[in-house]
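Student: Quick note, the sequences are listed as chains A and B, same order. Read in order, the letters of the first sequence correspond to residues 136 to 387 in my numbering. Read in order, the letters of the second sequence correspond to residues 136 to 387 in my numbering.
Think of the hints as simulated: they come from the structure by calculation, not from any bench. It is possible that some hints are incorrect.
The list treats identical chains as interchangeable, and a pair is accepted whether it falls inside one copy or across any two copies.
What the hints assert, rightly or not - 25 Å max Cα-Cα, derived SDA-like pairs, lysine to any residue:
| id | residue 1 | residue 2 |
| --- | --- | --- |
| 1 | Lys280 | Cys250 |
| 2 | Lys280 | Leu137 |
| 3 | Lys280 | Gly182 |
| 4 | Lys158 | Thr376 |
| 5 | Lys280 | Glu152 |
| 6 | Lys280 | Gly249 |
| 7 | Lys280 | Ala246 |
| 8 | Lys280 | Ala139 |
| 9 | Lys280 | Tyr351 |
| 10 | Lys158 | Ala181 |
| 11 | Lys280 | Ala151 |
| 12 | Lys280 | Glu140 |
| 13 | Lys280 | Ala162 |
| 14 | Lys280 | Arg141 |
| 15 | Lys280 | Ser227 |
| 16 | Lys158 | Arg186 |
| 17 | Lys158 | Gln224 |
| 18 | Lys280 | Ile297 |
There are 2 protein chains.
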Amino acid sequence: MLAAERRDHLLTRLQAEGSLVAKELAAELGISEDSIRRDLRDLAAAGLCHRVYGGAVPASPALADYANRESVEPDSKRRVASQAAALIQPGSTVILDGGTTTLAVVQALPADLGCTVITHSPTIAAALVPHARAEVFLLGGRLFKHSAVTCGAAAAEAANGIAADLFFLGVTGVHPVHGLTTGDADEAAMKRTLAGRAADTYVLASTEKLGAASRYQVLPLSAVTGIIADGTPNETVAALTGQGVTVLPLQA
Amino acid sequence: MLAAERRDHLLTRLQAEGSLVAKELAAELGISEDSIRRDLRDLAAAGLCHRVYGGAVPASPALADYANRESVEPDSKRRVASQAAALIQPGSTVILDGGTTTLAVVQALPADLGCTVITHSPTIAAALVPHARAEVFLLGGRLFKHSAVTCGAAAAEAANGIAADLFFLGVTGVHPVHGLTTGDADEAAMKRTLAGRAADTYVLASTEKLGAASRYQVLPLSAVTGIIADGTPNETVAALTGQGVTVLPLQA
DNA sequence: AGAGTACATGCATAAACGTGCAGCAACGTG
DNA sequence: CACGTTGCTGCACGTTTATGCATGTACTCT
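Can you build the whole structure from these sequences, using the hints too?
Tutor: Below, the structure written as structure tokens:
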């Protein structure tokens with residue numbers, strides 16, 4: 136078996152089973168644990184999985200969901216969220232994607248801001264209940280469990296009936312070559328549809344997203360208005376701006 | 136099982152059940168309590184849970200809030216909820232109304248039950264995320280802040296596209312004369328629409344609802360299949376059965 | 001106030017890890 | 001064909017990490 140073939144096999148298994156154990160894989164494929172570890176290390180460096188003691192877990196799925204909650208980069212997330220919240224004009228209509236970073240945007244919103252929020256995330260909708268002056272429109276459809284957002288034909292159809300000024304897009308990877316990526320094809324399509332309903336689309340990229348890539352592309356970098364990162368300098372940011380991509384804050 | 140995987144499992148369980156007991160988890164996962172305690176200590180340090188004597192509770196105020204509201208009237212609500220959950224056949228399609236009682240129904244559902252749940256409550260949808268085999272369809276529309284459910288023309292239109300076996304209706308009043316009532320006209324209309332999409336409609340009536348009445352009628356008593364109350368005897372129940380209304384449990 | 005349980009800490013063991021090194025095959029070049 | 005280069009692989013070594021047990025302490029409940 137070729138090395139590249141083996142790595143692809145690892146990713147497939149990872150997606151199917153939710154986790155990989157180095158020892159088991161070594162026995163199963165008839166090679167040493169060292170090679171498996173090397174593969175996993177390289178895949179993790181490419182942002183395609185997350186290395187843990189004993190094996191690996193998916194980069195975007197379950198673990199990232201919960202770990203991102205607050206523990207990974209709370210400061211980075213909050214900086215990005217407040218940058219985004221500042222872009223929302225009173226009276227405007229904004230589409231909020233699902234995810235913990237967009238949830239942080241809601242928490243960064245003034246409690247009395249009068250605006251219209253459209254979302255396909257029940258979690259975001261629930262978080263907006265205390266914002267008395269915010270009109271909330273929830274896009275229905277089949278619930279995609281992994282990210283807790285609605286996806287599929289019904290959700291896309293509902294999305295086609297709306298229009299907004301802004302869309303804050305959450306992704307799992309922002310990569311100079313692979314563009315904006317996420318871990319599920321259906322979810323990627325939904326995000327693409329939402330981007331088409333807003334005049335401007337901004338990507339929310341907390342530190343750990345920069346330079347990472349997942350399996351499915353949402354959009355190329357050129358299709359968004361800008362990327363909101365936090366203020367820390369970064370070689371990935373340099374590579375992005377080098378391609379003519381707008382990265383906010385230009386400086387902070 | 137990988138250590139990282141195990142911690143993720145702990146967080147999932149915590150979200151689903153509202154609390155964790157170290158001793159139970161150790162027995163269940165086949166590892167020592169020391170390891171569980173170490174995990175909980177680390178998760179708490181990361182801000183993902185709150186450590187308490189004997190186990191852990193969620194750090195998120197939202198989840199704690201639900202847990203608290205559940206503990207306000209746990210007995211009556213839980214009895215009603217488990218009665219309702221028992222009516223859901225594997226493979227069937229059920230519509231769940233919003234509210235804390237229907238939320239208790241979700242918590243009373245077996246985690247591996249395979250069924251389809253349709254709801255207009257983002258809270259209910261979010262609570263169903265851990266139920267891997269439950270298909271969830273969320274009805275979109277304008278979010279009605281008071282009850283945290285979607286209402287209005289768009290929601291009604293979405294509801295008209297679906298059909299279900301069961302509908303569990305939550306109301307604020309069940310009265311022998313005034314029938315089934317709630318506090319908002321738009322919400323009442325939505326509930327009425329949902330009732331029209333299901334073959335059978337059951338009302339969830341925890342103790343404090345019986346004999347109460349609100350401003351707007353949802354349906355007359357004759358329009359529903361039955362009322363699920365808890366087992367305690369009650370003169371309102373007597374009045375209802377006297378009108379030929381089915382009250383479950385007929386006998387418990 | 002006392003019993004019982006949960007807890008933190010230190011320690012020992014075993015597993016997993018990273019690194020450096022050597023063997024080997026595939027490939028390109030002269 | 002000969003040769004050197006490159007990349008992949010497995011092994012050996014020392015290091016780090018996770019785990020379970022034992023001890024003494026802190027807490028809760030009766």
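Student: Run every hint past the structure and note whether it holds.
Tutor: Hints, one by one, checked against the model:
no.	hint	verdict
1	Lys280 / Cys250	between (28 Å within a copy, 14 Å between copies)
2	Lys280 / Leu137	between (35 Å within a copy, 22 Å between copies)
3	Lys280 / Gly182	both (22 Å within a copy, 23 Å between copies)
4	Lys158 / Thr376	neither (42 Å within a copy, 53 Å between copies)
5	Lys280 / Glu152	both (16 Å within a copy, 17 Å between copies)
6	Lys280 / Gly249	between (31 Å within a copy, 14 Å between copies)
7	Lys280 / Ala246	between (29 Å within a copy, 14 Å between copies)
8	Lys280 / Ala139	between (31 Å within a copy, 21 Å between copies)
9	Lys280 / Tyr351	within (17 Å within a copy, 35 Å between copies)
10	Lys158 / Ala181	within (22 Å within a copy, 29 Å between copies)
11	Lys280 / Ala151	both (15 Å within a copy, 14 Å between copies)
12	Lys280 / Glu140	between (30 Å within a copy, 18 Å between copies)
13	Lys280 / Ala162	neither (33 Å within a copy, 28 Å between copies)
14	Lys280 / Arg141	between (29 Å within a copy, 20 Å between copies)
15	Lys280 / Ser227	between (30 Å within a copy, 19 Å between copies)
16	Lys158 / Arg186	within (14 Å within a copy, 29 Å between copies)
17	Lys158 / Gln224	neither (33 Å within a copy, 42 Å between copies)
18	Lys280 / Ile297	both (24 Å within a copy, 20 Å between copies)
Violated hints, in rising order: 4, 13 and 17; the structure is consistent with all others.
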